[in-house]
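Here the protein sequences line up with chains Z and A, keeping their order.
Using my numbering, the letters of the first sequence correspond one by one to residues 1 to 91.
Using my numbering, the letters of the second sequence correspond one by one to residues 1001 to 1405.
It is worth saying that the hints were derived from the structure and are not from the lab.
All C-beta atoms, glycine included, are put in the ideal place defined by N, C-alpha and C.
Be aware that one or more of the hints could be misleading.
[Said to hold, decoys possible] Calculated pairs, DSSO-like style, for lysine-lysine (alpha carbon to alpha carbon, straight line, at most 30 angstroms):
1. A/K1225 / A/K1214
2. Z/K22 / A/K1172
3. A/K1249 / Z/K22
4. A/K1111 / A/K1044
5. A/K1249 / Z/K61
6. Z/K61 / Z/K22
7. A/K1225 / A/K1273
8. Z/K61 / A/K1172
9. Z/K22 / A/K1214
10. A/K1273 / A/K1346
11. A/K1225 / Z/K22
12. A/K1214 / Z/K61
13. A/K1172 / A/K1273
14. Z/K22 / A/K1138
15. Z/K22 / A/K1307
16. A/K1273 / A/K1249
17. A/K1249 / A/K1342
[To be verified] Far from chain Z, by Cβ distances over 12 angstroms, these chain A residues were calculated:
18. K1064
19. S1084
20. I1248
21. V1265
22. F1322
23. V1339
24. V1347
25. N1352
26. P1367
27. L1368
28. G1378
[Said to hold, decoys possible] Which bits of chain A does chain Z cover? Going by a derived footprint, with three or more residues having C-beta under 8 angstroms, they are:
29. 1031–1040
30. 1088–1102
31. 1209–1216
32. 1298–1308
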Amino acid sequence: MSATPAERPDLTPDLCQTIVVKATAEPARFTNRSQDLFDLGVVDTTQQQIHKGRVQTVLSKIGYQIAQSDISSGPGVTVGASSDSVLGNAH
Amino acid sequence: MRISRFVLALFLLALLAAGLHADDFSLNPVLVRRVAGQLFVSTKGTPPPLSDLEDRNHWVVTAKAPGAGTTSIPVELQGSPQWSATSSTLTLNYVPPPGLGSANPRTWTWKVTYTGPGGISASSAAASGTFFSGARSKTDADIYVSGTLLAGEGTKPIYTLDSRIGWVPEWKDSGIYAGVESTVTINSSAKPPVNRTQTDPDSITADATIHFSKSDWIFSIYPLKGEFSRRSPDSNFVPAATVQWAPIKNVGARGAIAFYPSVGVEGGRNLDKPSTIDGQAVNLNSYNGIVRGVLGAFAAYYVRARKPDPGNPYQFEITSTFVDRVLSTAEPFLTTSVVNGKSATKVNFGTNPRQYVETDLTWNITPLLGLTVKDTWGSLPPLFALTGQQVTIGLTFRAKLPGHH
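Go ahead and model the full structure; you've got the sequences and the hints to work with.
As structure tokens, this is what we get:
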């Protein structure tokens, strides 16, 4: 069940970071924003696709939309860069 | 006098500490939301005191419309900036400047300046990146070309080419990708000695595809799919569907292991059958309906570069793809042997399982280009010409188009 635009929470930097980290396979390994998503289990394009899908699903549930191509993800992408891509592109 | 020197030394130390502190703090490029009203600036280093950071008077924001030359206009901030220690990011709410209207704020150039102690500034990041981005595997690439050359005594050169091209963009913001793709394999079953150099596409596929992910599962549907061979003209229409499960990935400091099994079905019918194969008359009259179960697995070991580049994080990659087609209707199966120094093809017609294994060791020279050692064995539809163990070395180009994943 998706939230309506009136009900949806503010999309803050912290919320985006939480969504990005929780969508990885190994969120417990998160230590800081400059950590590569590789360390959290996004090791290849299959995991990248799954990660983007999860981020998009969570955002949809709280009332935001985003194209998967606008989400930065992949083994060489940092948590910070991925969070920023969500923050800047979700609408 | 002694006290005043002591006070002066303390003062100089305090100035030095303050200077070091200010040097340590820096702003990343300004992040502009597609929706007007908010800017974000993530930071590096130790931030100034919260009272300075969240003081609106310590921040100046300007914006410049596209085509406005060097003319920037001041932007009024709303409320106090909000600092998040968790994400080291500052949120600035602004009143949309005159002229912005309903335009995408990202088309403007924004500059944010911190005017507190050790003042620094940052601008919105210009659109960057190249048209192509690196892909990790053949199935993931929109454009994949892997070519090898085998030259030796007593044989003409044998060229092999393994290629894929696809256009599979996301449908709006749905997470569902739809498009078309094609693969061409040339001379995959050629063996030395050959009497003349040829380029025979022995496995061509073209399809319309839809795919999406759900949790750890990736679903791929091919409502229209054709298989073709030019070597002995053969064509099949075989819609297909596969599901891949991607649960296993083990991450270490320098490397990672991944293992993803898959299962699928291919079903359709033969459209065009050859009457001769390599000069031999063949009877394939009962080659009509096609039903195959497809079991597969993908395994990989990735070795991280010492200084990973976002576009090229791995130094070496070893990937292995296994496909086992379990046939419920008879289809051709070609084997080749050398008799009296010449290649001879034997045509079988049956339901024996058809495996194909490909293992690639790639050294990534650039994000798009790698040197690949490729080991292949098995057979591919439609003619299922068996390739014995074949090791080749060549260059591989892998790229993704913009807007795809």
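message: If you test the structure against every hint from before, which numbers come out violated?
response: 11, 13, 16, 17, 19, 20 and 26
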